[in-house]
Amino acid sequence: MYNYYISCISWEERTLLGYRKSKEKYQLEKKIFLYFDTYVESKLKNLREIGNSENEIMNLDFNDPVGIWENIKSRFFNEEFRDKNILLDISTMPRESIWLILLFLSEKTSKIDFIYYKPQTYDDGLLCFNPLKPRLVFKMSGIVDVKKPNLLIAVAGFDFERIDAIKNKYEPKDTIIFYHPNDDYRNGEINEKIKKRYNLICDLKEVNSYNSKELFCAISRIIDDRDEKYYHENYNIICASLGPKPSAISMFNLWKKYNKIALCYVPALDYNLNYSHGIKEKSVIGSALF
Amino acid sequence: MNNPFFYIEANKLKKEELINYFIDEYNHNEFIRSSKNVFLIGERGSGKSMVLMYNSFPFYSQMLKMEHKEIDYSNIGIYIQITSALFDKNEYELLKDDIKKSLIAEHYLVLVISIKLIENILLYCPEIIKTEDLNKLRKKLLNIFEIDAGENDPFEVLHEKLMRIQVNTQDILSKLTDTYPTDSLSFFSFLIPLIDVIKSLKCFSDTHFNFLIDDAQNLNNIQKRLLNSWVAYRDHSDYSLKISITRPEEYIFLTTTDGSILEGHDYIARYTEGRFQNKLSDFGILANKIIKKRIELFGLKDITPEQFFPMNSGLEKDLSEFKQKVYKEAEAIYEKDDKKKINDYVYKYARAEYFRNRDPQANKPPYSGFEIITNLSTGILRSLLEPCFRMFDRAKDEYDILLEKHIEPDIQENIIQDLSQQKWNSITEIMPTSVLGCTVEKANQILQLFVNLGDLFRSRLLDKEASEPRAISFTISAIEEISNSEKEILLDLLRIARIHGILFKRLSSAKQAGKFEVYYTPHRMLWPIKGLDPVGQHARVSIRAKLLLEAALKNVKIPYNRKDLENETNNIIIQKPLFDNY
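Protein sequences appear in the order of chains A and B.
Read in order, the letters of the first sequence are residues 1 to 290 in our numbering.
Read in order, the letters of the second sequence are residues 1 to 582 in our numbering.
Be aware that a few hints might be false.
[What the hints assert, rightly or not] Below, a list of computed lysine-lysine pairs in the DSSO-like style, where the Cα atoms sit at most 27 Å apart: (1) K505(B) x K530(B); (2) K293(B) x K173(A); (3) K12(B) x K205(A); (4) K325(B) x K301(B); (5) K341(B) x K148(A); (6) K328(B) x K340(B); (7) K196(A) x K328(B); (8) K14(B) x K65(B); (9) K161(B) x K148(A); (10) K336(B) x K464(B); (11) K175(B) x K161(B); (12) K147(A) x K161(B); (13) K260(A) x K161(B); (14) K65(B) x K130(B); (15) K229(A) x K15(B); (16) K69(B) x K133(A).
It should be emphasised that the hints constitute simulated quantities derived from the structure, not laboratory data.
Small disclaimer: the values here were computed from a predicted structure and weren't measured.
Given these sequences and hints, build the entire structure.
Dropping the structure here:
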């Protein structure tokens, strides 16, 4: 049973299908949905189904990071959530929002689970375009030492080129890119492109990016070792989740463990509305706090 | 085997590497080491960071040591790179008070500059600091900044204090509650007095502190204005600012009080690309020096770049034959003694003749040879080194390069074709996800524009009667024919192409005396796929804005009508070639 279910209304079928599945499988008391004011027409169907008196809709302006912060803080940094059970559906939620919600809720309760519904199928095109400048997340921008070089740790996904935007901005001395193993044709193709593009200039590592704990441990092992090149005291570490959404959970926990780490968000203005279809039977679910 | 043509960012090079690899062909050093404020302007990969780092004190003093010269403390360069995540920390945006926001933004900038200043003194100047200087500094730190160093090294104490402030500020601002640090530093309340204090010490009384600020376009707007206010600050006898930016459009030249800083008056502008493009410079000489040095460091002392990257023998023979043929044509047209006219004619038409006489069914020309590699770089150092790096990388898997002392032409050709294809692919595959403001639609429009430009250049190349057949740059004419909104659309597409690095905007003198004109050069690495001559010639095709827009938005071919172009020959300037030694 969950006292709160928190999700985000998108145009994707996963929004509604995921909500229905979660309602079916788990007892959900109160439901809160983030709603960003982009692609309004495309989101209308889902909004109509979800926007009723039993569900709370939080309106957010995608182009106003300060406004997003203030609204999320005002709603979730609240005694109302003290010791409550939370189910956070991250399937269609922007990563920055995932991190901010976890930031505030984790101050009130440790009982936060996340759930991620994979699409049944993907479109072949890119997921998003027209990137805005990468930005560090408010209050999760780490403690920077100007004497130290930057280390970028990125989890790559279908639109791995967004890694270039981060590299250009922060010019890291070193970059580690984690990518998911070839478990379907699309992954295989993408991984070949990642290797071709970054093989000579970055450290590439394969990890199950849908398993947030496994990813968290893989990264921790690398940066915990005092004798190893990437020891966290030697760098200003910037983490970016650009791959499967559960990697955002890993990154949040990394920040909690080493709060000198900075979390970086790369928003985009345009999305492929046909990017995903349907929902897989099996979801990824786990504790959001390690 | 280490690849000598690596092209990593300057900040990843070791000191000895940077010193060994750096070549200051165009005397930027003289300006960087002067007491004037300088803006160093150039696209990514054009060598700005290398110029600044070379002139920073750690590198400069190392160079003097390597040359067994005495270290000169009269000019101390403090290198500050604005890619630190510190400059991107934006918690101050959550503050309601605009004044507090501005104070925090200034605080970070002053903090970084101060830390780097003290760090450089601590690490690289201990031998000139005497006991009397330390005693004087202790007193001044206490009286002016209320920092009690006791018996400790006051520079160390100051450094520690600044590091603590660095952590504390970030710590306070990272709290979930609305807290604000009370010990923020500012230019006038801290940095200027700090420089005054350091200058009052005998050891630094004759020192000019040179703040080398790299990638200032990454600062936020508040910080840019603050920096400009310091540029405008009249007295720069004790310190000056050398600021690198990618493009003027990505920076603002206003101060905190909305005043402007003026070139010539407040600062000097130096261009790391533009210097390759005017008739007094020759990028070919610089490229030759850079590559020769890299070949030498690899272990081949007497091999020239032309020998290391030889041209395909068939191509070389054909080009030579056509040059002779065209020379004879020129002799028939002009007086035999009129060498200049004959040479100009050969320069214009010889290479074009080779391309015209190729069988349309034949493969692309076997692009190879150092001259072609140099031209493909379009005057960008990184674009010079990358193909060389990849060629070396491929060759080393096939044979012993030290033994063979060259890179096979067919390897060069394959890499060039690969890179050319990648450049085209990047327009639709990478640009929309890496350039702000680039939608998929705009990427397709830019692709259409460049395809049509390539077709236009090719039509001209193959036209025996065209007066400047190898022109591969363009100017925009008749801009008044399109509306303001259309102009914005066109300029936005060109802006995106520039940010992505496939188009360069340059300034050159127009035929009309005293005038300047803007011209655009697509990255020459695009042209091998189109079978064009990347060597090009330094003339520009004037294209009406309306035609460029139609090419981009509607994929309409840019019409090639020799009569139209002949009418526009006034706009075509013939200048000293970019890379040839005419």
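How the hints compare with the structure:
A distance of roughly 22 Å separates the Cα atoms of K505(B) and K530(B); the hinted pair therefore holds under the 27 Å criterion. A threshold of 27 Å between alpha carbons decides the hint, and for K293(B) with K173(A) the separation of about 25 Å falls inside it, so the pair holds. Among the hinted pairs, K12(B) with K205(A) is consistent with the structure: their alpha-carbon atoms are about 22 Å apart, no more than 27 Å. Straight-line distance between C-alpha atoms of K325(B) and K301(B) comes to about 37 Å, which puts the hinted pair past the 27 Å bound.
For the given pair, K341(B) sits about 59 Å from K148(A) by alpha-carbon distance, which is inconsistent with the 27 Å threshold. For the suggested pair K328(B) and K340(B), the alpha carbons sit about 14 Å apart, so the restraint of at most 27 Å is met. Taken as a hint, the K196(A) and K328(B) pair is broken in the structure, with Cα atoms around 49 Å apart against an allowance of 27 Å. With a C-alpha separation of about 15 Å, the suggested pairing of K14(B) with K65(B) holds against the 27 Å cut-off.
As the CA atoms of K161(B) and K148(A) are separated by approximately 17 Å, the hinted pair is consistent with the 27 Å bound. Restraint check for K336(B) and K464(B): the C-alpha separation of about 23 Å stays at or below 27 Å, so the hint holds. Taken as a hint, the K175(B) and K161(B) pair is honoured in the structure, with Cα atoms around 21 Å apart against an allowance of 27 Å. With a CA separation close to 14 Å, the supplied pair K147(A) and K161(B) stays within the 27 Å bound.
For the given pair, K260(A) sits about 19 Å from K161(B) by alpha-carbon distance, which is consistent with the 27 Å threshold. For the given pair, K65(B) sits about 22 Å from K130(B) by alpha-carbon distance, which is consistent with the 27 Å threshold. Straight-line distance between C-alpha atoms of K229(A) and K15(B) comes to about 20 Å, which keeps the hinted pair within the 27 Å bound. Between the alpha carbons of K69(B) and K133(A) the distance comes to roughly 46 Å, so the proposed pair goes past 27 Å and is violated.
In summary, the structure is inconsistent with hints 4, 5, 7, 16 from the numbered list given earlier, while agreeing with the others.
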